[in-house]
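Peer 1: The listed protein sequences correspond, in order, to chains A and B. Residue 1 is where the first sequence starts when you use the numbering used here, and the numbers rise one by one after that. Residue 1001 is where the second sequence starts when you use the numbering used here, and the numbers rise one by one after that.
Read the hints as simulated data drawn from the structure, not as lab findings. Incorrect hints may appear among the rest.
Computed Cβ-Cβ distance ranges for the label pairs, DEER-style [stated by the list, open to error]:
(1) A:Gln174 - B:Glu1017: 34 to 44 Å
(2) A:Pro127 - B:Leu1163: 37 to 47 Å
(3) A:Phe264 - B:Leu1163: 26 to 36 Å
(4) B:Gln1256 - A:Ala307: 24 to 34 Å
(5) B:Glu1108 - A:Lys282: 20 to 30 Å
(6) B:Glu1072 - A:Gly156: 44 to 54 Å
(7) B:Leu1163 - A:Ser213: 43 to 53 Å
Derived, one-sided and incomplete: chain B residues facing chain A with beta-carbon distance under 10 Å [unchecked claim]:
(8) Ser1038
(9) Glu1039
(10) Glu1049
(11) Ser1054
(12) Asn1057
(13) His1084
(14) Leu1107
(15) Asp1111
(16) Tyr1112
(17) Trp1164
(18) Asp1170
(19) Arg1178
(20) Arg1266
(21) Met1267
(22) Asn1272
We put the CB at the ideal spot given by N, CA and C, even for glycine.
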Amino acid sequence: MLEMAQSLTEEEKYHRFMERIEAGERIEADDWMPDDYREALIRLISMHAVSEIMGALPEKEWVPKAPTLHRKLAIMAKVQDEMGHGQLLLRVAEDLMKPLGRNREDILKDLFSGKLKFHNVFHMKAPTWGDAGIIAWLVDGAAIITQSMSLNSSYGPYARALQRICAEEVFHAQHGESIILALTEGTEEQKKMIQTSLTEWWPALLMFFGPRSKENVGKSHVNKNIKYKIRTKTNEDLRQEFFNKYVPRIQSIGLKIPDETIHFNEEKGEWIYEQPDWDEFKKIVTGHGPMSKERLELRTTSYENTAWVRDALANRNVKEAY
Amino acid sequence: MVFNSKEELMENQKAYEATKSLLYQLADDDFLIAYRGSEWLGLAPHIEEDVAFSSINQDTMGHAVMYFQLLEELGEGKADDLSHLRNPREFRNAVILEMKNGSGTYLEKPDYDWAFAVVRNLFYDYAKTIRLQSLKESSYKPLAYMAQRILSEEYYHLMHWELWFKQLMDSTPEARQRMEAAIERVWDDFDGVLTLGPKKEDMESCQLIGGEKELKDQWLKRVQSIFEDVNYTIDRTPGMKNGNGRKGEHTEDLDQALSILSEVYRMDPVTNW
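Whole structure, please, built from the sequences with the hints as guidance.
Peer 2: Structure representation (structure tokens):
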């Protein structure tokens, strides 16, 4: 089989690859794949991985501050899951990068230098406990929607990682919803806290799915990713799904969406809403958001501070005892 | 002497008071070290460690919750109030467990020392394991059953820190030097963990836990054994340089930790969160 593949020309290999994609077959790490497929996967999966890792930073503030013992345990479990997702995805990305002679160190360096972007939502401030609730309920809710789309991704290792991730995200969203419900059913002050959080986070939640078309922000990889069945839906499809699922829920618990115009247009069969500021989006994801600098610095200096540890591990004399 | 339930325990005033005193130590020790551990979230030396360490902290916080719930059952008030509203002087954790690692700000320039984290956790987990093994035989049965459950998780924590300790003690000169500095620092205050406080005689005579000296000797034996493995010696006994937390003596680091831990709860301790 391997020999046969080697005797084929690049063009024949590509043709065979596309046949497999179109037949809905799963591509595995050691299979032949075109360079731009590999690159698209590396870009997508390493961004997803570092987003999970950077996502711990806005939430970590609320781990010790979570109001009750029960909430403390729940949020500790949640953020630990996110780190686990980061680890799982880093491994998938590392396998893809191996033939290119790159590794995890490169991913982190690209993150620190700003070359590798992370999700817009993790550049935002999270100044109150209400924000911890919004992150868990709606940011994770939005993540479930985008990740569920990729459960059928043509790349097998990514699809399998997402299966586990999505299952855990469902718990996170429930944990978030429970925080939100306690606040919306609570005192005036609690209600105010959660309404302020929703108002603050709304534009970032819309931006989470990315712009409707590349006219909004310049280049986009959506079309290629769809061709290769890495993803199956457009940004707008996903945002509409989010509205379908969450607008009625948000309204039913007495929260007000900070967009007077949002409504479902029966004729068009879609939600009409006020566009977020896409220039702002561009600024945020290129590292100029409200907390971009602080969070990257925190991650970078911590990485530098523990360089001696990684160095010691690489040079240790002890045999693995366990 | 056996107390099968809180009712039986509460009939014996001396045992009742000693049990509560012991439970505050157990709860506060775990509560504070879990907090100091959770400060590392997202910033551990590598991502695998982030996953492992946050799992350990989560377990440890879970243990604190179990002890706080026992205190609640014994009429001390709500577990959430006990953990979030007590005055710092009423805390009974050992001082070394409350101490900041680095600047104490976990959101900007934390400047953590991984060697300090490894040594503090390893020494603590030795003490905790020895304490739990003794508590398995406690005359207060609800506590004995709980100890058994906690021990099963503790096994993995100890293994984790032993591995880190050996690897870092036996590698680069820089790592060795940082680890030795951390050992000295932790050593100077570690007696605070090993002491059982003013009610230790009552705890022992009511068979709630073994004698302080016996437990301390066991701890020294475990620590000396791992020191031998990595060719290290120290020529003094552990101290209590920064105060005896079992008597309510604490540092400003505890005030700082508790104000963060209770910031949201204190906004309204009566409402549902």
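Peer 1: None of the hints should be skipped; say for each whether it holds.
Peer 2: The hints, checked one at a time:
At about 42 Å, the beta-carbon gap between Gln174 (chain A) and Glu1017 (chain B) stays in the expected band of 34 to 44 Å. At roughly 39 Å, the beta-carbon separation of Pro127 (chain A) and Leu1163 (chain B) lies within the given 37 to 47 Å, and the hint holds. Between Phe264 (chain A) and Leu1163 (chain B) the C-beta distance comes to about 56 Å, which lies outside the given range of 26 to 36 Å. For the hinted restraint 24 to 34 Å between Gln1256 (chain B) and Ala307 (chain A), the CB-CB distance of approximately 28 Å keeps it satisfied.
At about 26 Å, the CB distance of Glu1108 (chain B) to Lys282 (chain A) agrees with the hint of 20 to 30 Å. For the pair Glu1072 (chain B) and Gly156 (chain A), the beta carbons lie near 50 Å from each other, so the given range of 44 to 54 Å is met. At roughly 52 Å, the beta-carbon separation of Leu1163 (chain B) and Ser213 (chain A) lies within the given 43 to 53 Å, and the hint holds. For Ser1038 (chain B), the interface hint holds, the least distance from its beta-carbon to any beta-carbon of chain A being 5 Å, beneath 10 Å.
For Glu1039 (chain B), the shortest C-beta to C-beta distance to chain A is roughly 8 Å, which falls under 10 Å, so the interface hint holds. Because the closest C-beta pair between Glu1049 (chain B) and chain A is about 9 Å apart, less than 10 Å, the hint holds. For Ser1054 (chain B), the shortest C-beta to C-beta distance to chain A is roughly 4 Å, which falls under 10 Å, so the interface hint holds. Hint on Asn1057 (chain B) holds. Least Cβ distance to chain A is approximately 6 Å, under the 10 Å limit.
Look at His1084 (chain B): its Cβ gets to within about 8 Å of chain A, closer than 10 Å, so that hint holds up. A cut of 10 Å between beta carbons decides the hint on Leu1107 (chain B): the least distance to chain A is about 6 Å, and the hint holds. Checking Asp1111 (chain B) against chain A: minimum C-beta separation of about 7 Å stays under 10 Å; hint holds. For the restraint placing Tyr1112 (chain B) at the interface with chain A, the shortest Cβ-Cβ distance is roughly 7 Å, inside the 10 Å limit, so the hint holds.
With its C-beta approaching chain A no nearer than about 9 Å, Trp1164 (chain B) sits inside the 10 Å limit, and its interface hint holds. A least Cβ separation of about 5 Å between Asp1170 (chain B) and chain A falls short of the 10 Å threshold, and the interface hint therefore holds. The interface hint given for Arg1178 (chain B) holds, since its Cβ lies 7 Å from the closest Cβ of chain A, which is under the 10 Å cut-off. Annotation: interface hint on Arg1266 (chain B) holds; nearest CB of chain A at approximately 9 Å, less than 10 Å.
Hint on Met1267 (chain B) holds. Least Cβ distance to chain A is approximately 7 Å, under the 10 Å limit. Of the supplied interface hints, the one on Asn1272 (chain B) holds, with its beta-carbon coming within about 5 Å of a beta-carbon of chain A, less than 10 Å.
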